[in-house]
Structure formats: C-alpha cells, structure tokens
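*Asks:* Here is how the chains run, residue by residue.
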Amino acid sequence: MLFSSIPFLYYFLPIVLMIYAITPRIFKNTVLLLSSLIFYAWGEPIYVFLMIATIGLVYIMGLLIERFKGTVWSKIFLVISILTSLAALGYFKYADFFITNFNRITGLSIPLLRLVLPIGISFYTFQTLSYTVDVYRGNVAAQKNPINLAAYVALFPQLIAGPIVRYSDIETQLVSRTHSFDKIASGTRRFIIGLSKKIILANSLGELSDAFISSGDKSVLFFWLFAFCYMLQIYFDFSGYSDMAIGLGKLLGFEFMENFNYPFISSSITEFWRRWHISLGSWFRDYVYIPLGGNRVKKARLLFNIFVVWFLTGFWHGAEWNFIIWGLYFGVLLTIEKFFVLKHLEKHKFLSHIYVIFFVAISFVIFSANNLTDAISYVGGMFGIGVPFASFEWTYYLKSYGLIILIAAISSTPLPKNVLSHLYQKVWFKKIWDVIEIPLLIVLLLISTAYLADGSFNPFLYFRF
Amino acid sequence: MNKDLKNLMFTIVFALLILGISVSCWLKPETAFSESERRALASLPHLSLSTVFSGEFTEGFEEYTTDQFPLRDRFRTLKALFSTKLLGKMDNNKLYVQDGHISKIEYPENPEMITYAIDRFDNIFNKYLKNTSVKTYLSIVPDKNYFLAPQKGYLSINYPEFIENFKSNLPYMEYIDLIPLLSVDDYYRTDSHWKQENIQDVAEWLGNQMGTDVSAQYKVNTLGIPFNGVYSGQSALPFAPDTIKYLTSETLDACTVTYFDTGLPKQGEFYNMEKAQGKDPYEMYLSGTSPLITIENPTAKSSKELILFRDSFGSSIAPLLAEGYKKITVVDIRYIQSDFLGNFIEFDNQDVLFLYSTTLLNNSMAMR
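Quick note, the sequences are listed as chains A and B, same order. Counted from 1, the first sequence has number 299 at position 299 by the numbering used here; the numbering is strictly sequential. Counted from 1, the second sequence has number 86 at position 86 by the numbering used here; the numbering is strictly sequential.
Source of the hints: derived by calculation from the structure; they are not laboratory data. No experiment lies behind these values; they were computed from the predicted model shown. Treat the hints with care, since some could be wrong.
Said to hold, decoys possible - Pairs of lysine-lysine residues, derived as BS3-like cross-links and limited to a Cα-Cα distance of at most 30 angstroms, are as follows:
no. : chain 1 : residue 1 : chain 2 : residue 2
1   : A       : 399       : B       : 94
2   : B       : 6         : A       : 426
3   : B       : 94        : A       : 218
4   : B       : 275       : B       : 94
5   : B       : 301       : B       : 245
6   : A       : 426       : B       : 3
7   : B       : 6         : A       : 431
8   : A       : 417       : B       : 3
9   : A       : 399       : B       : 85
10  : B       : 327       : B       : 304
11  : B       : 245       : B       : 195
12  : B       : 326       : B       : 275
13  : B       : 301       : B       : 195
14  : B       : 94        : B       : 167
15  : B       : 266       : B       : 327
16  : A       : 399       : B       : 104
17  : A       : 430       : B       : 6
18  : A       : 28        : B       : 6
19  : A       : 430       : B       : 3
20  : A       : 399       : B       : 152
21  : B       : 327       : B       : 275
22  : B       : 104       : B       : 275
23  : A       : 431       : B       : 3
24  : B       : 326       : B       : 245
25  : B       : 326       : B       : 167
26  : A       : 218       : B       : 85
27  : B       : 219       : B       : 326
28  : B       : 3         : A       : 28
29  : B       : 304       : B       : 135
30  : A       : 417       : B       : 85
31  : A       : 218       : B       : 152
32  : B       : 326       : B       : 304
33  : B       : 279       : B       : 245
34  : A       : 417       : B       : 6
35  : A       : 218       : B       : 167
36  : B       : 275       : B       : 195
37  : B       : 104       : A       : 218
38  : A       : 28        : A       : 144
39  : B       : 279       : B       : 219
Produce the complete structure using the sequences and hints provided.
*Replies:* Printed below as a string of structure tokens:
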C-alpha cells in the first residue's frame, strides 16, 4: 500500500489510528504489528510470510547470539543470521541478474526465475542485519518480546521505503514512548508536507520524465531538462516518502532519524552523501566501511574499502549494471575529492555547487536507465552524441513545466524554511502564521487528494528497491 | 496563540477532516457511470481468498476508491485548475484550453497505427475496388490541434507530413483537401467534432471534387439540450456547454435511412432524438456508431451512388451529401470486418470516399 493513495489515507490510516489511540499502552505494539502486516500484505499477500519468517529467524538468532555471547557460537549464529538474510535478498532481488550474466559469459541459456521482488525487502533486510550485528557487538540487548521485535521490523511507516531505522535508535521507544498533541501536530504537519512533495511536485515532475523517456524527439537540451527534472523528481519522491514516514512515526509516538538534509545545496559530493539518504549512507558506514577498516588503513586498502562500499551501495539500489556503475561513479568522485580536490571545493562555493549539481544530474541519468546500454546512450545524449542540440518537444515541456521545476528547485533548498523561520521571529507574522497554518495545510491535503481522485500519474520510484 | 492550544486545535481539525472524508468514502453510494467522463466507474471488487492472494482485490479496491471518491468531479476540477492556473502547466491530462476551445493533444504520430490504417484502406481497395470502375477518393479531417496548437507551441503532429504519408501510400485515391475550408470555429468548443451547420461548404466541396452537385437549402434547427462535449468532462474544467444544431430539408425528409446493425435492418431517421438526450448528444447524427447505413434519396439530382468509409465525423456530414446521390452507403469499419463487406455491398460503379479524422488515423487499432 502506498502512503500516497486513497486506500491508505482514507481507509487504512483512520482505522489504525483510532484503534491505536484507544488501545491500552501494553497492546499498542500488537496493534502496530497487526496493522503493519495488513499494510504489507495489501501489496504482497504471499511475501508477508517471507517477512514473518525472516522476523522469526532474526528473533531466535538474536536470542542465541546473546545467550552464547563471548563464545564461537555467538559468531556462528551471527553468520547464520547474516547469510540467511542476505540469501533471501540475493535470491529474490539478484538471482536473475546473476543468471543473466552467467549466461552471457558461458553462452548457456539457464532460464531466468522472473521472481517478483518483495516490496521493501532491501530495507527490512538491512534493519534485521543491523539488529543482529548490534546484538553481537553488545550495543543492544536481544529483544525478548517477539511482538516488539516484529513491530520494529514490520513497522508500517518505514517498512517499504525507510528511513532504515536501526533497532538501537528505537529500542527504548518500542517499550516506552510518549504520545502528545505536540507530536501529533508535528507529525501531521510533516506527513502533509511529505504527501504534497510526493504528489504535487514529484508526480508532476515524473510526468515530464516519462514524457522524455517515451519521446522520439530527444535533444541535448531535452536530455539536460530531463536530468534536472529527474534529479528533483527522485528527491521529492523519496524525501516526500521519508517525511511521511517520519510524520507517521510521530503520530505513533516514534522519533525516526532524518533521511534527507537539503542535499542539493552541497558543495562537494562528499557533503552530498552526508545529506542524501542519510540512513543508508550511515548504515554502510557503520556496518561495512568501518568493519573493513574505514579510514585508518593504508591507501590501497582505503581505496578498496571505498569501492566496496560504493559497489554495494549501487548494487543495493538495483540488480542492473547501471546501478553498479552509478555506485562506482560516486566511488570515483569521492576518491578524487578525498585525495585531491575537497579542500579546493570548500574555497569556491559557487563553482562547487555547480560541480555538485552537474555530476549529480549525470548520476541520476545513469540511475534512471533500465540497463547499462540505455545509461550509456543517455549520458551520450547529454553531450550531443546522436541527438540534435534542441528539439520541438523540449521547448514545450520547458514552458509547461518551467514553473513546477522552479518551485521544486527552490523547495529543494532551505530557503523557504529559512524565510519562514526568519519571519516567524516577528510578532505580527507569528500571529498571522498561527491563524493560516492549519488552513494552508488543509488546502495542501485537499489538493493532494484532488490529484489522487483524478487518478493522476502516481508511481513510486523507491518501490523497486 | 498558545502552543498547546494550537497543537490541540491541530489534532482536532485534522482528526475531524480525515475522519469526515473517511466516513464519506464508506457511506457514499456506489455510482455506476461517470456522466462527465462518459465511462463506467469501478465497482467494489469481489472479496475472496483467491482475489486477495492474486492481488486482484487490492488492485480493484484502489481503482474503486479512486473512481467512487466523494465529490470526485469537484476534486478533478480542483486538480485541473491548480495544475494549469497555479503551476502553469500548459495541459492537464493532455487537454488544454485555447481560444475558448478545449482540445486534446494528439501527439506524437504513431507510425504503426498510420501504417495499419493505410493497410486497411489498401486491403479494401485491392479486395473490392481494384478491378471495378469506381472512383476512389480520400479526405482527411484535421483535429482541432491543427488550428490551435501552433499558437502557443502545443505539441501536435506534423500535419503536412501526416497527410502526405497517406497520399503517397494510397496513390490510386484522389485526395480532396478540406483544410482551406475549415477553421477552429467549425468545431464544437467542448468536443472533438465539427459542427454540422458549419460544414455545408465542406460537403459541397467534396461533392464538387467527386463531380456531384450536393448543394441544397437547409433549415437550421437547434437542439434544446446543452451539449457538454467529450473534452468538457475529461478536462474537468468549468466550461459553458455547446449547442447542437442540425440541418433538415424536404429532400432529407424524403430520404430513407436504413441501419444495418445486429439483427434485421431497421429504418430510422438522420437524427436520433433519443440519442440527443443521451450521454453523448453528438450521437444523434446517424444514431452514432453503426457499422452500415444506407441513405436512399428518391429525389436525388443524379443517379450516382456513394460509398462513404468514415469515422464519427462522417455522421454529421453524410446527410449533407444526400442531395446529390441516389444512394449513399455509410460504412464504419470499426464495427464491421472489412473482409465481409462484399456480403452487403456490391462494388461496381460508385464513388468511394474514405473520410477520416487525423485522430482516428493516428489511433487506428479499432479498424477491422
């Protein structure tokens, strides 16, 4: 089920919130678990059993890891837990990728499995991995109550698209969390803003992206228009979804980590990745990069560590070579920055921003492609290979979407928030804002609903991850 | 305002709003048909273990909740106005407003569909017309974009190339160019079709090019029913309705119109007043969709016959050609397999006119 859908907004959510509100504290996690299973089963009626099995295994392994702490058995159970989680992810997500490439190399024609990817498997696998590793490291105690652990893994606000909430971050919240009008108001605000970002901005930009992909009239300018548009689309799509997840979390009394922090204002790729999909970046840092030795190793090993992390980051996003290239592309840029240009970038802020936007735009063009061949052709198109400089279509789409792109570009910076915060310091504005904020949010909710009722274009890019 | 009070208000307002909409969703009676969009709406899918596990139920439920959403048409209007007026989008779901008209972007050219239409025509020619003394004509009616799109750069097909494609691939058909006779005012503001009262000159030109005088004096009648054309509902924009007018004459009154639908042939009128009050009043012309119609004129100016292959644009112009022909056979190959035409029509010495709109030719999959 998508947050940005009528069944979720006006059927599932009101019922769940009402039941949750009247349920005694002791049973709240049970309500959360059951509603999360229904939420997941709505889109994945079969794979919900896979998720339940994964939770069961992780629960037992967590207990065993803790029970045999300090012995070799603890490590064995950890390895079993990690391997089974990765095996499930590998089987469902990567089997056909490996078969295709094996066939290519050997000339064999082993039939593809053509499995449907269980929604959210990449996200909940990383959550369960972090849980067992943290139990092994002694950072957290194994969860004795299976309902609490299952509620953590299956928690519907973050189940299918993150943020990748670590068990350590909400361990205490699972057993004692506060509910307040302040949290409800702040969660509602965050949810509606996220919903609007997703439906009004991301979906509108998505229409342009789709029009570009199916266009037979591509040109250099159209490629660049698409690149900027897609970059903004994916940002508003994913950060909007994260906002909704964080907002829903607040409504249920949780505090999830932030997942985006205005990534497009970065002045280096290094900074960009500190601001983009923060929960994924920090996960790879803590569970892959640092265990490999992190920075405190020789240069060759450091390079190896960087490229392993970025290979995996790319591969996590999708079982296609273009995703791997996308990850390695960032690996190369980050390496160059680390060894050569980071200091210079900090001195030339304006040029640094252009540099970041330029390379990030190219990266998302690679990301948007269906495969490596398309990715190469798209990047070539950006530099005039095989396409004219301008075309009839790009002028139309620029005119038609110009204002949306401008609004999206401004909204992707902290400018609106800073202006609002600045004005909020003034007594007269604070009075006005206190009166108009609720009507404004109602209008945003109704407009978002209007887009849904119209049955407009409503994809969700991170569903495939 | 006190922060706690504001938070309390926040909670109450949004709880009531979401709950209110939710209750409306549950309580709203199911609507079977959308008059504005002219389509059947999704109904509640059957709930069973098999439909749940196949995903059929959830998919159907999402469609159902979207289609049956309370005040859906109002919400569609809100979305259309917001996206075009505030966000500056030039079209909403491919529909745009220009010069007081609503039009639908017909873009890009669909080479497969164009080739398919050419193949269909070619097939009919080779099967029925090649070894006869019939004269074959082709005429293409431009959609409204021809007139409206260039003004602000809306996407539209390349009309000269589009028409040339048909002309060059069907060289045995004499092409009759209608474009100089048409302007956007000859079309309804809210619909894709042309207005019968404005195309008398088009009919005369077609007759003239086929060597037949079809000129006549008509009485212009006004249908007293507001006509919200197909684009009006699709666009969801507030738009004043059109007026349908229809032409009558003594000659037309004397004609016999026979409809060959399923079952026995039925005699009827040029203008179906029952359909005029239906979902699409434009269907009053020759009763809308019909595979085969004959128009027999006992007082025709000539003894010639015409076979008119047509789409819906042909419905309103066919009566205006009746003056000059003893018999007109109106064929719509979307509703009859062209391979079976020989069972109903004897092709020998008639004029044969293929009269089609660019919209249908670019989306010709329904031709059989």
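*Asks:* Does each hint hold? Answer for all of them.
*Replies:* Status of each hint after checking the structure:
1. A:399 to B:94: holds (14 angstroms)
2. B:6 to A:426: holds (18 angstroms)
3. B:94 to A:218: holds (19 angstroms)
4. B:275 to B:94: holds (28 angstroms)
5. B:301 to B:245: Measuring from Cα to Cα gives roughly 25 angstroms; hence the hint holds.
6. A:426 to B:3: Holds, at roughly 16 angstroms.
7. B:6 to A:431: holds (12 angstroms)
8. A:417 to B:3: holds (19 angstroms)
9. A:399 to B:85: The given pair, whose Cα atoms are some 13 angstroms apart, holds under the 30 angstroms limit.
10. B:327 to B:304: holds (7 angstroms)
11. B:245 to B:195: Within the cut-off at roughly 8 angstroms; holds.
12. B:326 to B:275: holds (27 angstroms)
13. B:301 to B:195: holds (25 angstroms)
14. B:94 to B:167: holds (28 angstroms)
15. B:266 to B:327: At roughly 16 angstroms apart (the allowed maximum being 30 angstroms), residue 327 (chain B) and residue 266 (chain B) satisfy the hint.
16. A:399 to B:104: Answer holds: residue 399 (chain A) to residue 104 (chain B) is near 17 angstroms, not above 30 angstroms.
17. A:430 to B:6: holds (12 angstroms)
18. A:28 to B:6: holds (26 angstroms)
19. A:430 to B:3: The hint holds at about 11 angstroms.
20. A:399 to B:152: Between residue 399 (chain A) and residue 152 (chain B) the Cα gap is close to 10 angstroms, so the pair holds against 30 angstroms.
21. B:327 to B:275: Given pair residue 327 (chain B), residue 275 (chain B) holds - Cα atoms ~24 angstroms apart, limit 30 angstroms.
22. B:104 to B:275: Holds, at roughly 24 angstroms.
23. A:431 to B:3: Given pair residue 431 (chain A), residue 3 (chain B) holds - Cα atoms ~12 angstroms apart, limit 30 angstroms.
24. B:326 to B:245: holds (25 angstroms)
25. B:326 to B:167: holds (29 angstroms)
26. A:218 to B:85: Distance ~28 angstroms between residue 218 (chain A) and residue 85 (chain B) Cα, so the pair holds.
27. B:219 to B:326: holds (21 angstroms)
28. B:3 to A:28: Status holds; Cα separation ~27 angstroms.
29. B:304 to B:135: Holds. Residue 304 (chain B) to residue 135 (chain B) sits at ~11 angstroms (cutoff 30 angstroms).
30. A:417 to B:85: Given pair residue 417 (chain A), residue 85 (chain B) holds - Cα atoms ~25 angstroms apart, limit 30 angstroms.
31. A:218 to B:152: holds (20 angstroms)
32. B:326 to B:304: holds (6 angstroms)
33. B:279 to B:245: Since the Cα atoms of residue 279 (chain B) and residue 245 (chain B) sit roughly 17 angstroms apart, the hinted pair holds (cutoff 30 angstroms).
34. A:417 to B:6: holds (20 angstroms)
35. A:218 to B:167: With a Cα-Cα distance of about 28 angstroms, the restraint between residue 218 (chain A) and residue 167 (chain B) holds, given a limit of 30 angstroms.
36. B:275 to B:195: At roughly 17 angstroms apart (the allowed maximum being 30 angstroms), residue 195 (chain B) and residue 275 (chain B) satisfy the hint.
37. B:104 to A:218: At roughly 22 angstroms apart (the allowed maximum being 30 angstroms), residue 218 (chain A) and residue 104 (chain B) satisfy the hint.
38. A:28 to A:144: Distance ~17 angstroms between residue 28 (chain A) and residue 144 (chain A) Cα, so the pair holds.
39. B:279 to B:219: holds (26 angstroms)
Of the numbered hints listed earlier, not one is contradicted by the structure.
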